[in-house]
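With chain A held as given, fit chain B onto it using these hints.
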Amino acid sequence: MSAKRPRSFYILAGFFALFLLFLYGPTLTIAILSFQGPEGGLTFPMRGVSTHWFADLFRQQAVGDIWGSFSRSLVLGLMVMVTTIVVSVMGGLAFRKRFAGSTVIFYLVITSLVIPSILVSLGVGLIFSQSGLNVHWSTSGYGAQLTWTLPFGLLIMFAVFNRFDPSYEEAARDLGASAWQTIRHVVLPIIAPSLIGVALFGFTLSYDEFARTLLTSGSYNTLPLEIYGMTTNVTTPVIFALGTLTTIFSFLVIAVFLLAVWVQSRRRAQSGSDAGQGML
Amino acid sequence: MRKILRNNHLSGWLLAAPLSLVLLCFLVLPIVMIVVVSFWGATEFSIYPAFQFDNYQFLFGSPVTYSVFLNTFKYAAITWVFTLLIGFTVAYFLAFHVRSLTWQIALFLLCTIPFWTSNIIRMISWIPFLGRNGLANSTLISWGVIDAPVEWLLFSDFSVILAFVHLYTLFMVVPIFNTMMRIDRSLIEAAYDNGASGFQTLTNVIIPLAKPGIMIGSIFVVTLVMGDFITVRFMSGSQSANVGRLISNDIALLQYPSAAATAVVLLATVLLIIAVLLRFVDIRKEL
Chain A
1 MSAKRPRSFY ILAGFFALFL LFLYGPTLTI AILSFQGPEG GLTFPMRGVS THWFADLFRQ
61 QAVGDIWGSF SRSLVLGLMV MVTTIVVSVM GGLAFRKRFA GSTVIFYLVI TSLVIPSILV
121 SLGVGLIFSQ SGLNVHWSTS GYGAQLTWTL PFGLLIMFAV FNRFDPSYEE AARDLGASAW
181 QTIRHVVLPI IAPSLIGVAL FGFTLSYDEF ARTLLTSGSY NTLPLEIYGM TTNVTTPVIF
241 ALGTLTTIFS FLVIAVFLLA VWVQSRRRAQ SGSDAGQGML
Chain B
1 MRKILRNNHL SGWLLAAPLS LVLLCFLVLP IVMIVVVSFW GATEFSIYPA FQFDNYQFLF
61 GSPVTYSVFL NTFKYAAITW VFTLLIGFTV AYFLAFHVRS LTWQIALFLL CTIPFWTSNI
121 IRMISWIPFL GRNGLANSTL ISWGVIDAPV EWLLFSDFSV ILAFVHLYTL FMVVPIFNTM
181 MRIDRSLIEA AYDNGASGFQ TLTNVIIPLA KPGIMIGSIF VVTLVMGDFI TVRFMSGSQS
241 ANVGRLISND IALLQYPSAA ATAVVLLATV LLIIAVLLRF VDIRKEL
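So the sequence lines, in the order shown, correspond to chains A and B.
Under the UniProt record's numbering, the first sequence has 87 at position 87, and the numbering climbs by one with no breaks.
Under the UniProt record's numbering, the second sequence has 2 at position 2, and the numbering climbs by one with no breaks.
If we strip away everything but chain A, and leave its shape as in the complex, we get (with noise of 0.2 Å):
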């Protein structure tokens, strides 16, 4: 295995890292730009190394309503994600027994995918306002983020199940188990792991939603809505700042996934337990 790299393994590692400075490279300039000085402006030079615009987005009246933004894309995601995690769960559990009218809910799945945002946002909007009710983030705008975060989950839950080795469940129900019981425990442990990565899924993409919110989040804005507006009138680096703490809570959030991946691999493997094996 250890033979000599082609040259071409040097090229490819070179245009790889180019990709990832590409990637990575403007958020990092904009984590940089936040520590500017009280008097820099939105690009370099540095005018001094300051906390000043982070400090700025704790003082409410410079920046509106960014907390309660937060507080309300947080709860919203958490709806999302756990919506999203029961009903591509027994969806995925649905498909597997090729009932009349999969193949149809299968194509709408599709649909919701490709479907561009703006038309969710549009005609949830519509139906909202012309049937008389208000639109509101945890109405319109938990349904309309659904129909986002529920084909990635169901995605998952396809791939799952495709590599998922029936026997389990024979040998479960062989040894007299109820139908809830195989379900619970059997083939809930067995897909666990994937379980954290439709969270992961639901709780991210709700979380920077903007386009199937625009229309359908009512008065009160979620997080992304709020940075969108500041783009229109805010020329100060407090925008960088805000920018900078919101990929970084999101980098925690995909780490406490990440590492609840490990863990959990981590323990059965010392335990010795077979949870999580059984995927063909």
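Among the hints, erroneous ones may be present.
Unchecked claim - Heads up, incomplete: computed chain A residues facing chain B, CB under 7 Å, no partners named: (1) Gly14; (2) Lys97; (3) Thr103; (4) Val120; (5) Ala144; (6) Ser167; (7) Ala171; (8) Asp174; (9) Leu245; (10) Ile248; (11) Leu252.
Just so you know, the hints here were simulated from the structure itself, not pulled from any lab data.
Backbone N, C-alpha and C define an ideal beta-carbon position, used for all residues, glycine too.
Chain B alone, transformed into the frame defined by chain A:
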């Protein structure tokens, strides 16, 4: 046997009920509503039910529509080429040149993490790079490549495409990497043993086998770019238009019926493109 079959259908429906309910309320009904409203009329302040073709007549009668649709296709085509080339190369490197699985997973995660962060922030973060006094201009001036700052870096088609490629390349990397990892390594060895060069192996073995991943990535990229309105608005400084912006401008003016008619045409276009692309790949088999 028949009883079990019927049971299977019943439990399938029960399990799929929540999913169907969400899709019905927030996908099917909104699409129906848009189609209905596209035949309605509008005054300056309100919309009223009607059955008229005015919105479509106006849409297809206006030369702006055609140029905006053309512009949208242009963005989609150029972005597709760049994301495909970059995405394929990155996936190829990860799948065939990185040797340990741990490193593959780690580097793959590095490529996907930005997907879980905010698109708007990632767009904003190009400003200090591309602006008049930004990093790109000051670097080029200090190298003596240019004398005065280049104006077209920010708020132009260039910055729009750059942002699209930046935001959406990982939608190519993930499915292509996924299919490449499933290619049987002995096929590649066989190609080499039969005297194929690295390049011949790439074009005759790897690319054909990675085609499903390429198709899925293409579906993502094309639909995301076709349906976008915010990237074009933000990165072009409101100077360029695509169909999404046409819709959002109408919405801002409360001209919902006209927005709905444009939305119907956009949806039909996108679904048509997907239908063509789906002929080349069986999604259910690829999961």
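Find the hints from earlier in the document that the structure breaks and name them by number, from lowest to highest.
1, 3, 6, 7, 8, 9, 10 and 11
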